[in-house]
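Participant: Each chain is listed here by its residues.
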Amino acid sequence: MTYTQQFRKRAAKLAGLVGYVIQYGCITHCVFEYVGDFVVCTGPSMEPTIVTNNVLLTEHITPRLHQVKKGDIVIATSPTNPRIHICKRVTGLPGDKIFSGFSYKVIPRGHVWLEGDNHRNSSDSRTFGPVPQGLIRGRALCKVWPPQDVQLLTDRGDCDVR
Amino acid sequence: MKFTLVLKSVLVGIPIGITFFDTVGYVARVEGISMQPSLNPNSSITDYVLLNRWCIRSFDISRGDIISLVSPKDPDQTIIKRVVGVEGDIISTISYKRPFIRVPEGHIWVEGDHTGHSMDSNSFGPVALGLVTAKAQCIVWPPSRWQSIKSEILEGRKPVNMK
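Protein chains in written order, with UniProt numbering: chain D, 1 to 162; chain Z, 1 to 163.
What the hints contain is simulated information worked out from the structure, not anything from laboratory work.
Here the structure is a predicted model, which is why all the values come from computation and not from measurement.
By construction, the Cβ of each residue, glycine as well, lies at the ideal position given by its N, Cα and C atoms.
Label-pair restraints from in silico Cβ distances:
| # | chain 1 | residue 1 | chain 2 | residue 2 | range |
| --- | --- | --- | --- | --- | --- |
| 1 | D | Val-150 | Z | Lys-2 | 43 to 49 Å |
| 2 | Z | Tyr-26 | D | Val-35 | 19 to 25 Å |
| 3 | D | Tyr-20 | Z | Tyr-26 | 21 to 27 Å |
| 4 | Z | Trp-141 | D | Asp-149 | 52 to 58 Å |
| 5 | Z | Val-10 | D | Lys-105 | 48 to 54 Å |
| 6 | Z | Tyr-26 | D | Val-31 | 19 to 25 Å |
| 7 | Z | Arg-157 | D | Val-35 | 39 to 45 Å |
| 8 | Z | Pro-142 | D | Gln-23 | 33 to 39 Å |
| 9 | Z | Thr-46 | D | Leu-152 | 45 to 51 Å |
Here are the simulated SDA-like cross-link-like pairs (lysine to any residue), alpha carbons at most 20 Å apart as the crow flies:
| # | chain 1 | residue 1 | chain 2 | residue 2 |
| --- | --- | --- | --- | --- |
| 10 | Z | Lys-97 | Z | Val-160 |
| 11 | D | Lys-70 | D | Thr-49 |
| 12 | Z | Lys-158 | Z | Thr-93 |
| 13 | D | Lys-9 | D | Gly-19 |
| 14 | Z | Lys-150 | Z | Gly-25 |
| 15 | Z | Lys-8 | D | Val-21 |
| 16 | D | Lys-70 | Z | Asp-74 |
| 17 | Z | Lys-150 | Z | Ser-38 |
| 18 | Z | Lys-73 | D | Val-106 |
| 19 | Z | Lys-8 | D | His-29 |
| 20 | Z | Lys-8 | D | Val-31 |
| 21 | Z | Lys-73 | D | Ile-107 |
| 22 | Z | Lys-158 | Z | Ser-92 |
| 23 | Z | Lys-73 | D | Gly-95 |
| 24 | Z | Lys-97 | D | Val-106 |
| 25 | D | Lys-69 | D | Asp-155 |
| 26 | Z | Lys-73 | D | Ser-78 |
| 27 | Z | Lys-150 | Z | Gln-137 |
| 28 | Z | Lys-73 | D | Leu-65 |
| 29 | Z | Lys-73 | D | Ile-98 |
| 30 | Z | Lys-73 | D | Pro-94 |
| 31 | D | Lys-70 | D | Glu-59 |
| 32 | D | Lys-69 | Z | Pro-75 |
| 33 | Z | Lys-73 | D | Asp-96 |
Between the sequences and the hints, there should be enough to build the whole structure, so can you do that?
Facilitator: Here it is, written out as structure tokens:
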């Protein structure tokens, strides 16, 4: 085999490999963007439901269809820093009255009220106000890690829904 | 055999297309009069703009850029507005509940160029940066309107701390 032939064969192999990487990269992107993904949680705001280093399986279909309900645990882009995500529970939908501070507030159209389960140590809608629905990225389905702690997170009854 | 080959290339092509539109950019039609005279200068022509998603991946948005964002009032709607103030700027508002406002952390102040005929921050307040979806790069259709979009703010609408 001549040198050029060898080179051509290698180039074809490399092109095929790059094609495969692009293909599977794109499929992965679509799954993580439109179907669901895994999220590692840090911070105390959702204790005792979720503690630091728990891994959640989330789905992105319900938020995309704006079917989020009261009691759902959602992953949203933080309103104060677009680079980080927050994990909170939805406690109010548009039109609901929320007792915040010393007065009742009505949640405006297109917004939700997010609160952490750990009321004493959570920066949530009580500090930054109602959150636009457009910032919600995913809804937590279940805890998948640590293995002895696997549980569904979709039952909406275990929080103080007002 | 031929059918499965077509099906396979379609199944592979769709994710590649979606990923491209999600990360690089896409073309969108501009509706409404809120951005006159920059976009849709007269109501008989609708402009098509190229929305660049690549350059907002790190959220470095500057004053004067035209951006598209998810409407805070209705998550199904995407609106196109000009950035007037970034975080920390002091804005003199028009018919907002307060005459002056400091744009909070992680937020921007957006306004339509057609002052008074636009649903913008003057009605819904500062918007979170996370709602920004893309930056308008250039007008691609109709051909008579081919041009790149300049980054500028109307003279009277500059933030107070810039004057």
